[in-house]
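Listed in order, the protein sequences are those of chains G and C.
Going left to right, the first sequence walks through residues 1194 to 1697 as the numbering used here numbers them.
Going left to right, the second sequence walks through residues 489 to 1007 as the numbering used here numbers them.
Accuracy of the hints is not assured; some may be wrong.
Label-pair ranges, simulated between beta-carbon atoms [unchecked claim]:
1. C:G888 x G:D1351: 38 to 48 Å
2. C:S851 x G:S1637: 26 to 36 Å
3. C:Q831 x G:E1362: 44 to 54 Å
4. C:R560 x G:T1663: 53 to 63 Å
5. G:E1229 x C:L974: 29 to 39 Å
6. C:I734 x G:P1212: 52 to 62 Å
7. G:D1351 x C:V992: 40 to 50 Å
8. C:R897 x G:S1207: 45 to 55 Å
9. C:R560 x G:S1637: 58 to 68 Å
10. C:E578 x G:R1211: 33 to 43 Å
11. C:V992 x G:D1416: 30 to 40 Å
12. G:D1351 x C:S851: 51 to 61 Å
13. G:E1229 x C:E865: 24 to 34 Å
These aren't lab readings, by the way, just hints derived from the structure by calculation.
Note that the Cβ used here is the ideal one computed from N, Cα and C, for glycine as well.
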Amino acid sequence: MEREVQRVRAAFGSGRSRPLTFRRRQLEALRAMVQEREKDILAAIGADLSKSEFNAYSQEVISVLGEIDLMLEKLPEWAAAKPAQRNLLTMLDEAYIQPEPLGVVLIIGAWNYPFVLTIQPLIGAIAAGNAVIIKPSEVSENTAKLLAKLLPQYLDQDLYAVVNGGVEETTELLKQRFDHILYTGNTAVGKIVMQAAAKHLTPVTLELGGKSPCFVDRDCDLDVACRRIAWGKFMNCGQTCIAPDYVLCEPSLQDQIVRKVQEAVKEFYGENVKESPDYERIVNLRHFKRIQSLLEGQKIAFGGEMDEATRYIAPTVLTDVDPDTKVMQEEIFGPILPIVPVKNADEAIQFINEREKPLAFYVFSHNSKLIKRMIDGTSSGGVTGNDVIMHFMLSSLPFGGVGSSGMGAYHGKHSFDTFSHQRPCLLKTLKREGANQLRYPPNSQSKVDWAKFFLLKQFNRGKLGLLLLTLLGVLAAVLIKRYQAVLRTKALLLFLAVHRRAIP
Amino acid sequence: MPSHVTGSGRGLHPTQRTGAPAAPYPVPVAEASRGLPDPAGGSGGLSCPPRMDPFVDTLQRLREAFVSGRTRPAEFRAAQLKGLSRFLQENKQLLQEALAQDLHKSAFEAELSEISISQNEINLALRNLRAWMKDEKVSKNLATQLDSAFIRKEPFGLVLILSPWNYPLNLSLGPLVGALAAGNCVVLKPSEISKSTEKVLAEVLPRYLDQSCFAVVLGGPQETGRLLEHKFDYIFFTGNPQVGKIIMTAAAKHLTPITLELGGKNPCYVDDNCDPQTVANRVAFFRCFNAGQTCVAPDYVLCSPEMQARLVPALQSAITRFYGDDPQSSPNLGRIISQKHFQRLRGLLSFGRVVIGGQSDESDLYIAPTVLVDVQETDPVMQEEIFGPILPIVNVRSLGQAIDFINRREKPLALYAFSNNSQVVKRVLAQTSSGGFCGNDGFMHLTLASLPFGGVGSSGMGNYHGKFSFDTFSHHRACLLRPPGLEKIYAIRYPPHTPRNLRVLLMALETRSCSCTLL
């Protein structure tokens, strides 16, 4: 493990990953990989999660391709130095912020979206000029094996390496030193990753999880709301970090929500959900049994069917759920939707705030003031109003958690920035040393006063220009006034001269 | 103005300072009793048993205040910042005296590096508060054209600021400005080593702020350890890398995001092509500022033996001009903060060869501006961050060798290169990594709040100053608000899936949204 990291580090040390042309070529190679080996990729994801090709493509591959295209388009702009505003002391100098690669980045992927959650961070890390070690989740075995086979075929083998393995190998890997670690997974392991990172003072981005609440207001289009909730909840069989975990609503809405969600499920997956090619399975037996145990003692409004052999769990809705029961204690990560009745929006806000900050918050309402109030009153990684999941799809929005749902963010430019060091640079000359006498000892009160003046004023070229213009204007006005008589005579002479010329 | 800097057993004259190490349980001051925990546990009138956690009540109070939403409105935040401003303006003399007691800091240094720089941060925050607080709109793709997409800046909640002793005012107030502007409740734990400033911050500062949302806690490593067992929503630490690791490990237990402003050995490359006197002025000034106790001070010089021969007399000339023939009697040179650091620095003097200075006075915690040559890479003076007025010169035979030397070591907080040839400066910049970089001068880049200030690698993570402070102490919450209708359009994403749906979906998620608003 140590040798592998050393090798990648040495490759980074060669400086090969820095030039923009090199980064472009790697990203283009990655795109070629995704396009040429699409079938293999979709098959691997399908094998891991019983996912249809369409779903694998629309849920994972689309995002990857979009991200690569965005990086390729924006790379020159994002990698360029950004000039910084100067003050009086530095007005003749060059001041800018230069993004630089960090070095060797470790990306630890997750099993629920095994392709995109490993490759999307990789895209950002490559674009920022780093070397990368990728550790896909061992739970999604097929994708892990495929990545280990494909990536070396398309990318620079010394700069980008795939390391596979379980808990033991990951622990070994975390003992090594990296320049940034991006981990996607659960809270408990997130703490372990951060602790390991602390030993080397490695900055981390942790994409964790939590119970993402979904408040449904009385004043909303219930048909639409329930359809969208069902879509977001049951996609990937509920195994989505930003799935609406549970619903909060007034008691009077419960029955309607149950009915409409049930209708949506039928619309999406047909009468016999088990036969639908668009419905996934639970990733392994351990999670299957875990989710099974959540149903104990619950009032099942519909669903609840299970088949251990195929790890099938039907889309299930629970009503009148007691907040103290198991299903409300941990992130469900399965196709079970509890509905917890609350009196009103305020009680919902209180309920949410009594719990850990979630990765996402959802609210359905026609009343935009209510939406704003609920956003103001809560905290979460991100928010989608009147829909679910969608804030993930817009890469100009930072995707990340807060509190126990994570720290840091990525996607689009946020990825580029996460994997870069923003280095401030001030370039002065050795000339004008005389001016520096002001700062050297021996000191005096006048020096102190000058120091204050220079420090507390900022140099704004725009304002200075305006000031000069004003001064010029004033000067012109003054001059014109003083020399009015002279100017008048001169104007008259000029007129006469022209007039004489014009008349033959 | 009542003097609060009394009772600590130290006079104002530097030679009366004993520099004794801080006691593990500083005596609590009666005046600061309101809201302040009593770390000693037993004395001060509180009857809590020694084992009880002294911080629970304070933290509880602050959390409740945050939940109540008091710190959110812009008016409240502006009022806090104005309070900070008044604190600085009304207690200037008090602060200068405290800084003089702690570090023998001259009025000039105090003004430049502590008071004005803090005032500048406050002014900047007040001027820009509303602009910084505004939701940041983001570009949308075709699928989200009709939505409202923006990034909301929200306070984290309860912030802990741990500040060090070398710039005890600036390094407490700087982060504090950002944390308050961002709408957080703050616990400030100033360094117990800079005792006089600690006292002013503990006793006087809270009076200018809403004490339901702000508290100063006191103590040494043990109390800090206890404090860190509690959960904070953000921790901002300035200090050395070893303690930085401890802070990060403690933060990991609660998954608390952090900013660590650490340190390292800041290299200073001096090219043959330069004016030695100008370079010597600048290097000597920034090395000896605050008696060298600056995280971004040039730590050591890399130059050719020829350059060294020209630089050393120039350095001597600069030092004499700045501090006179007897630097110990100059009011412009600081002192070492404590006995422990004094002894450590004195130990470093026995390596290499002293060509300038080398004197020290234990009773005064004075170390002369010193230059060492013939230094080995393995000497202790080249192993640890010096943090004193000692400047070793290491010889290199070429620019390439200097760059290799720098890259063999940990990434520093700052990097300096001096040359008339801008290509040389740019090459050093391009082939190294560091928190920040300044060509042809010392840590001037600090004075520009438009530049982020922070480290990389073992010199730290995260940054602040100006808007970067506000952003550091804010959670950037992604918000996408969709209009309730238009379900027909979104229906293409629902199962059962068909190839046609996929094609339309692909188009909609295309990030390159057309600039014409035909939708």
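Checked hints:
Between C:G888 and G:D1351 the CB atoms are about 23 Å apart, so this pair departs from the stated range of 38 to 48 Å. Hint check: C:S851 to G:S1637, Cβ distance near 29 Å, so the stated range 26 to 36 Å holds. A beta carbon spacing of about 46 Å between C:Q831 and G:E1362 agrees with the range 44 to 54 Å that was offered as a hint. For the hinted restraint 53 to 63 Å between C:R560 and G:T1663, the CB-CB distance of approximately 40 Å leaves it violated.
For the pair G:E1229 and C:L974, the supplied restraint of 29 to 39 Å holds, since their beta-carbon distance comes to about 36 Å. One distance hint, 52 to 62 Å for the beta-carbon pair C:I734 and G:P1212, is violated here, with the actual separation near 39 Å. Between G:D1351 and C:V992 the CB atoms are about 41 Å apart, so this pair conforms to the stated range of 40 to 50 Å. Checked against the hint of 45 to 55 Å, the pair C:R897 and G:S1207 fails, with Cβ atoms roughly 19 Å apart.
Restraint check, C:R560 to G:S1637: a C-beta distance of roughly 46 Å breaks the suggested window 58 to 68 Å. Hint check: C:E578 to G:R1211, Cβ distance near 51 Å, so the stated range 33 to 43 Å is violated. For C:V992 and G:D1416, the Cβ-Cβ distance of about 22 Å falls outside the hinted range of 30 to 40 Å, so the restraint is violated. Take G:D1351 and C:S851: their Cβ atoms lie about 59 Å apart, and the range 51 to 61 Å holds.
Hint check: G:E1229 to C:E865, Cβ distance near 50 Å, so the stated range 24 to 34 Å is violated.
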